[in-house]
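**Q** The task is simple: from the sequences and hints, build the whole structure.
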Amino acid sequence: MSERKMAAAALEKLKEQAGINRASLRGKTLILLGAATCGRAVGALEVAKTFRDEIERLQLDAAVVEVGCMGHCYAEPMAIIYKPGFSGICYGYLNEGVASRLVQDFLVEGDPCVEFALAATGINDFIPTFQDFPRGIVEQKTVMEHCGFIDPENIEDYLAVGGYGSLAAALDREPSGVIKEIKASGLRGRGGAGFPTGLKWEMCSSSPESTRYVICNADEGDPGAFMDRTILESNPHLVIEGLAIAAYSAGAGKAYFYVRAEYPLAVERIKKALQQAAGLGIIGKAMLGAEYSLDIEVFQGSGAFVCGEETALIASMEGEPGLPRHRPPYPAVAGLFGKPTVIDNVKTLSYVPLIIKNGADWFKATGTEKSPGTAIFALAGKLVSTGLTEVPMGTTLSQIIYDVGSGIAGNKKFKAVQIGGPSGGCLPEETLETPVDYESLSKAGAMMGSGGMVVLDENDCMVEIARFFLDFTQKESCGKCTFCRLGTKHMLDILERITKGKGQPEDIDLLLELAEDVRAGSLCNLGKTAPNPVLSTLRYFRREYDAHINEKRCPSLMCKDLIAYYILPDKCERSCDACVGSCPVEAIFSNEDRIKVVNQEKCVKCDSCMVACPPQYRAVIKVSPPEEVLRREREKGVK
Amino acid sequence: MGDKVKITIDGKEIAAVPGEKILWAALDNGIYIPHLCAGRDDHSPLASCRLCFVEIEGYAHPVPSCTQEVSGGMVITTRSERVDRIIGTGFELIMSNHRTDCRACPRNHSCELQKIARERKLKLKPARLPRLDRDLPVDGSAAKIKYDPNKCVLCGHCIRACREKGAGVLGFARRGFERAVTTFNGSPLGESGCNNCTACALACPVGALALKE
Ligand SMILES: Cc1cc2nc3c(=O)[nH]c(=O)nc-3n(C[C@H](O)[C@H](O)[C@H](O)COP(=O)(O)O)c2cc1C
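Residue numbers (this note's numbering), protein chains in the order written: chain C, 1 to 639; chain U, 1 to 213.
Be aware that one or more of the hints could be misleading.
Taking lysine to any residue pairs in the SDA-like style, the calculated list, with each CA pair at most 25 angstroms apart, reads [what the hints assert, rightly or not]: (1) Lys528(C) <-> His61(U); (2) Lys212(U) <-> Pro106(U); (3) Lys528(C) <-> Ile56(U); (4) Lys500(C) <-> Ala127(U).
Have a look at the derived ranges for each label pair, beta carbon to beta carbon [said to hold, decoys possible]: (5) Thr211(C) <-> Arg79(U): 37 to 47 angstroms; (6) Arg79(U) <-> Lys285(C): 36 to 46 angstroms; (7) Arg539(C) <-> Arg79(U): 26 to 36 angstroms; (8) Pro584(C) <-> Asn108(U): 27 to 37 angstroms; (9) Lys123(U) <-> Pro615(C): 40 to 50 angstroms; (10) Pro615(C) <-> Arg128(U): 41 to 51 angstroms; (11) Glu119(U) <-> Glu513(C): 15 to 25 angstroms; (12) Pro584(C) <-> Asn195(U): 54 to 64 angstroms; (13) Pro584(C) <-> Cys102(U): 44 to 54 angstroms; (14) Pro615(C) <-> Val138(U): 27 to 37 angstroms; (15) Glu592(C) <-> Arg128(U): 30 to 40 angstroms; (16) Ala60(U) <-> Pro208(C): 26 to 36 angstroms.
FYI, nobody ran anything at the bench for these hints, they're computed from the structure.
Heads up, the beta-carbon is just placed ideally off N, CA and C, and yes, glycines get one too.
**A** So, in structure tokens, the structure goes:
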């Protein structure tokens, strides 16, 4: 059957054409500027303009290409400069000033400005490559290989790196053969549940219904998550190729991107990419000369977190309120408009072209037996280097936090890592050797989710963190089913009581009972997983709960109702008035020794005085419980 | 109608129609399973009250019987420690959000909540949970019907009834804890196009919608 080579030949022709067009770029200096949302948020477009203006002014033979993100979001704006005679060099923390200097010093005078360089893309004599850093050793870029290196708005860039070759190869095979390959690879859904992707396709393809749909789930509602956005913004064609292969395999003539409306740049880039692919005959009627036709449409979802849940997503596409429905039937059996529907996450689909290209065995060679391949995480929170990372499944949490994320920011102590989005779990220090794979994370009390990872330090109160996440899921609950609507509400009320110092010892048991019942009784996975932050913090940080309840004390000094601000008399520099001036409610006064004192009645705990107190004194501290102030004052004999 | 299949519920052998949901097979054979939101003719069950859980042999977890189709040889039990616990908590959650004023309630003695409490020996007054009263205004604007949203358990029977027999003015609105049955644009019943057919009041199992005296 692999005798057919029609589509492959058609693609070859297109590629030749692309190669010719790209010849004009050869010999030119290329500046690849990171212009995904993360870069734009910190001024990437201004930096791009400076580069362009300077190149124009100096009449240089150089081009600026706005690319996506290579994952080092902490160092945005970033650019990779390819100057003939040099290996590619990546610069970070750019601003307009540095950009003009790079043009003058490097582009004109040939000095690569090592002081601004983060790393080189290839081996050279003076700048280390990414692979020379711990992060580069741990990371393994497959899906993200071209992110930040190709122009997401130019299909030729994608074709030049072999893009759409897998789609052509798939079209030259029987759908069942493609499904077999995906099944053999062991690919599991990256959107949360980890269901075997090939199996899902097979379920759909074997339906007696001939109208079928495939949907790419790009709703990405987890707060702080941006994996899917980055991939779509950086390499939209990869996802389109995966989606097209999925549609061909499942026997669907229609596919959708369900993208949240809050991702305008991603939507723009997908639409542009779809137009280009259609323009070349890669997607559309009798695509690449094959007998198969596919129409792909972009659907913008508006908002609610639960709309990322597949049955709610389908309801919202049907024009109904975005509420989850009972499963079974699963969408692969009866989905959009009652027809068999495959729903796959952005990342899941991104692996598909790679598996078709390199084979199932290649994919399985990375990762663990049950979780093959790589995992993509969005690193956020109290890390030195936040951003996006792709690592083999089975990498340990500590490798990700310390090697990739460069450890905890500000010399603070690690406390926990929250994995799996708002309904994930918080894992403590003693679990850091846990390998990241679906089963290990669940066992530890967290979950893979779709790859959000928030690192917490000693200043984070775990009761407050649990309350924060439950507050999110409770607010995002659609309210349809009893357990999620009312169970999470009661749980949230209890947590709120505890963080306010009004918790009772029996609250813990009640929380545990409710958590288990909400998990068992809820209709969809939003409710079923909502208790995870509570359960995991109770499991690992029970002492913090006890301190709040029994001693009315917040050990991390985070819960406002359980702390007070206190000025250490022997540290206060009497002649300094910084704190007094900073207080918005005039709660700080000087006593007869000119030592500053906080009037606890007036204090609104806004933190201003602590920030204002010059670092050489550090006289303002937080204490918990608030009565601690009285004890200290009595001890000092303050009148 | 196709051949019936044999299933067992609580040790009792029952002939059920293929494709039928367990809940109805049980109820039709005198076996009570608590339920509020299930509608016999629903194309896809709402499955939202979460009170009709049963155990099925070979299944890892209890499942709602309103969504699960019977199949030949199925062995079902309506009670188990796990089932009782889910239903007990589900019922307590609902009761924590249902303004309980039985003596003054037109549904007193014919209330589905009272029935569940009686059947499963559950307390009407939540033992562990504080009340979550939303203190919503009672709507007495319609000629024949009174609506007290504070009693509503969101089972949706009124919405079905209104669609089938009335003016079709009722629907679910808002999300999360705020979810409520309201008229189409939130206007009082009296101004909503309601035709006072009273089907909703007859359908409401808990006295939230009731006939005016
Ligand atoms: C509350 C909730 C939100 C979800 N949000 C997303 C989302 O934003 N993106 C996503 O791909 N999957 C999301 N899912 C998972 C989907 O239901 C579904 O499992 C997934 O899209 C399947 O794709 P996969 O097999 O590639 O993971 C969510 C699930 C729940 C319960």
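**Q** Confirm or reject each hint.
**A** Hints, one by one, checked against the model:
{"no.": "1", "hint": "Lys528(C) <-> His61(U)", "in the structure": "13 angstroms, holds"}
{"no.": "2", "hint": "Lys212(U) <-> Pro106(U)", "in the structure": "9 angstroms, holds"}
{"no.": "3", "hint": "Lys528(C) <-> Ile56(U)", "in the structure": "20 angstroms, holds"}
{"no.": "4", "hint": "Lys500(C) <-> Ala127(U)", "in the structure": "23 angstroms, holds"}
{"no.": "5", "hint": "Thr211(C) <-> Arg79(U): 37 to 47 angstroms", "in the structure": "43 angstroms, holds"}
{"no.": "6", "hint": "Arg79(U) <-> Lys285(C): 36 to 46 angstroms", "in the structure": "59 angstroms, violated"}
{"no.": "7", "hint": "Arg539(C) <-> Arg79(U): 26 to 36 angstroms", "in the structure": "30 angstroms, holds"}
{"no.": "8", "hint": "Pro584(C) <-> Asn108(U): 27 to 37 angstroms", "in the structure": "56 angstroms, violated"}
{"no.": "9", "hint": "Lys123(U) <-> Pro615(C): 40 to 50 angstroms", "in the structure": "59 angstroms, violated"}
{"no.": "10", "hint": "Pro615(C) <-> Arg128(U): 41 to 51 angstroms", "in the structure": "49 angstroms, holds"}
{"no.": "11", "hint": "Glu119(U) <-> Glu513(C): 15 to 25 angstroms", "in the structure": "22 angstroms, holds"}
{"no.": "12", "hint": "Pro584(C) <-> Asn195(U): 54 to 64 angstroms", "in the structure": "58 angstroms, holds"}
{"no.": "13", "hint": "Pro584(C) <-> Cys102(U): 44 to 54 angstroms", "in the structure": "52 angstroms, holds"}
{"no.": "14", "hint": "Pro615(C) <-> Val138(U): 27 to 37 angstroms", "in the structure": "60 angstroms, violated"}
{"no.": "15", "hint": "Glu592(C) <-> Arg128(U): 30 to 40 angstroms", "in the structure": "54 angstroms, violated"}
{"no.": "16", "hint": "Ala60(U) <-> Pro208(C): 26 to 36 angstroms", "in the structure": "29 angstroms, holds"}
Hint compliance for this structure: hints 6, 8, 9, 14, 15 are not met, and every other hint is.
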